[in-house]
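Enquirer: All chains should be modelled from the sequences, with the hints used to inform the complete structure.
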Amino acid sequence: MQRFINNPDEVVEDTVKGFVKAHADLVRLSAANRRVVVSTAAPVKGKVGVVTGGGSGHEPAFIGYTGRAMLDAVAVGELFSSPTAKSFHDAIKEANGGAGVICLYGNYAGDNMNVKMATKLAAKDGIEVATVVANDDVCSAGPDERDRRRGVAGEIFMWKIGGAKAATGASLEEVRVTAQKAIDNCRSIGVGLAPCTLPAVGHPNFQIEAGTMEVGIGHHGEPGIRVEPLKTAAEIARDMCQIVLDDHGLAEGTEVAVLLSGLGATPLNELYILNDTVEAEIADRGLKVHRSLVGNYFTSLEMVGASLTVMALDDELKTLLDAEASCPAMP
Amino acid sequence: MQSFDNAGAGAIVLRMAERIVENRAYLSEIDGKIGDGDHGVNMAKGFGMAADRLKGADSSLAEAMNTLGDVLMSEIGGSMGPLYGMMFTEFAEAIEGKDAVDPAAFSAMLHKGLDGVTSIGSAKVGDKTLLDTFVPAIEAFDAAIAEGRSFAQALDALSAAAEAGRDSTIDLVAKIGRASRLGERSRGVLDAGATSCAIILTTLAEGARERL
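Those protein sequence lines, which keep their order, are chains A and B. Its first residue numbered 1, the first sequence is counted upward by one per residue in our numbering. Its first residue numbered 1, the second sequence is counted upward by one per residue in our numbering.
Check before you lean on any hint, since a few could be wrong.
To be verified - Dumping the calculated EDC-like pairs for lysine to aspartate or glutamate here, alpha-carbon to alpha-carbon at most 16 Å:
| # | chain 1 | residue 1 | chain 2 | residue 2 |
| --- | --- | --- | --- | --- |
| 1 | B | Lys112 | B | Glu96 |
| 2 | A | Lys181 | A | Asp147 |
| 3 | B | Lys175 | A | Asp147 |
| 4 | A | Lys288 | A | Glu252 |
| 5 | B | Lys175 | A | Glu145 |
| 6 | A | Lys318 | A | Glu235 |
Honestly, the hints are just simulated from the structure, not real lab data. Small disclaimer: the values here were computed from a predicted structure and weren't measured.
Expert: Spelled out as structure tokens, the structure:
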């Protein structure tokens, strides 16, 4: 596979440098830390700061969701590797407007540790930090072990809702409760058709045999629940809806938001092909699609595949989802 | 002798860094079987950066461990940055200001490092992590001293137990971290963290032994 890279060890630096140039109206690089991207509006005095962080290679996540009524600062890790505790700490400091900081991140061992340490460091600075850990990936653990599930594209809804709630002037605890509700209302699934390669490693770290697909694959190629022969888009979309909605167990008439994201190397037209069936399936179950996002919102380098996230909405979530916001990934 | 000088023993950390850098490809290869294959890359980056800062400094063991811990914590993310970062900053704190490190101080150092690791991680022995190397190594060292054996013999016991602990991870199923998502598929290969931990502990024991 041919790539646009300079030095494989500098992929993250080079990405972030180009990113802040492309979106200079919305984001800047932290003066204190080259691995922290900050909204040009942050910190907003008296507003709860909203922070996340994660490994790189998922662009536009996580940095692309930095902006107005979105994330105030983002800690940037190596490809598929958690940012340092120092980067999370620096992001918290950049986002701090004096009303506390919420860290909305995904359930991975490294992120859990680094956020925990950053929270302790921030406490020494007198900054109160609350956390919400995303665990929307249905296939990463059973329904009785939801605390072990990974966070995936549902994080985007969590950030949108958390960012909007903070922008209303809500307290740290209010933002935490609402962001927690947002992620509790999200279920996601990924399907992988071909693997991805870390440039510094040079070969794929997992395999998907030609003619097969991995159902329930994680955002770094973590194995799913089954490998099976490749089906049609409509069949795959129906399987994805079934897994997500069976886990959800939503009452008829529930309004939902749908996020169908490519994993990096799937063309947009195929996402629309999937979405045609996804929306039909959701309607068949008596649910109402309030809003759909279809595009490359949360990728995994050049993995071929797609992820589906369904968030159940109530009045508060609907209002916050629709509230005005601005960030590079959701113009 | 039943102790070694803290002063000048920073060279042990430099040797540790050399061994980690030498094993860059090997550590990534075993990590790639059940993880994402970047363990060697990240470890070599962190230990290599620390070595660059330490070269020619003639540091004490405490100073060198502190530098290494800081670099791992502030430059290397993932899980290994904070875990080994904590281990080495706690090691450093335990022996800071001591002219000589005797078996009691060495044991206290190991325990403080272990406490640091367990305070941020949630793994237990048997979960197929670096603890499967670290915990039996400490137990073997303490047991040897309690039996009245010399510092040198206790260091040898530590190394042997670290290697046995590392090898024990082959038969374990990962319970934590990315590999845990594989369940039974994680059985049959070494854990990369347990392997790098064995390199660290055996190099530490070897360096201490030479200085007795």
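Enquirer: Next, verify each hint and record whether it holds.
Expert: Right, here's what the structure says about each hint:
Between B/Lys112 and B/Glu96, the direct Cα distance comes to roughly 12 Å. Compliance with the 16 Å bound is thereby established for this hinted pair. Straight-line distance between C-alpha atoms of A/Lys181 and A/Asp147 comes to about 15 Å, which keeps the hinted pair within the 16 Å bound. With a CA separation close to 14 Å, the supplied pair B/Lys175 and A/Asp147 stays within the 16 Å bound. With a CA separation close to 9 Å, the supplied pair A/Lys288 and A/Glu252 stays within the 16 Å bound.
Taken as a hint, the B/Lys175 and A/Glu145 pair is honoured in the structure, with Cα atoms around 13 Å apart against an allowance of 16 Å. Distance restraint check for A/Lys318 and A/Glu235: the Cα-Cα separation of roughly 30 Å exceeds the 16 Å cut-off, and the hinted pair is therefore not satisfied.
The structure does not agree with numbered hint 6 stated previously, though it agrees with all others.
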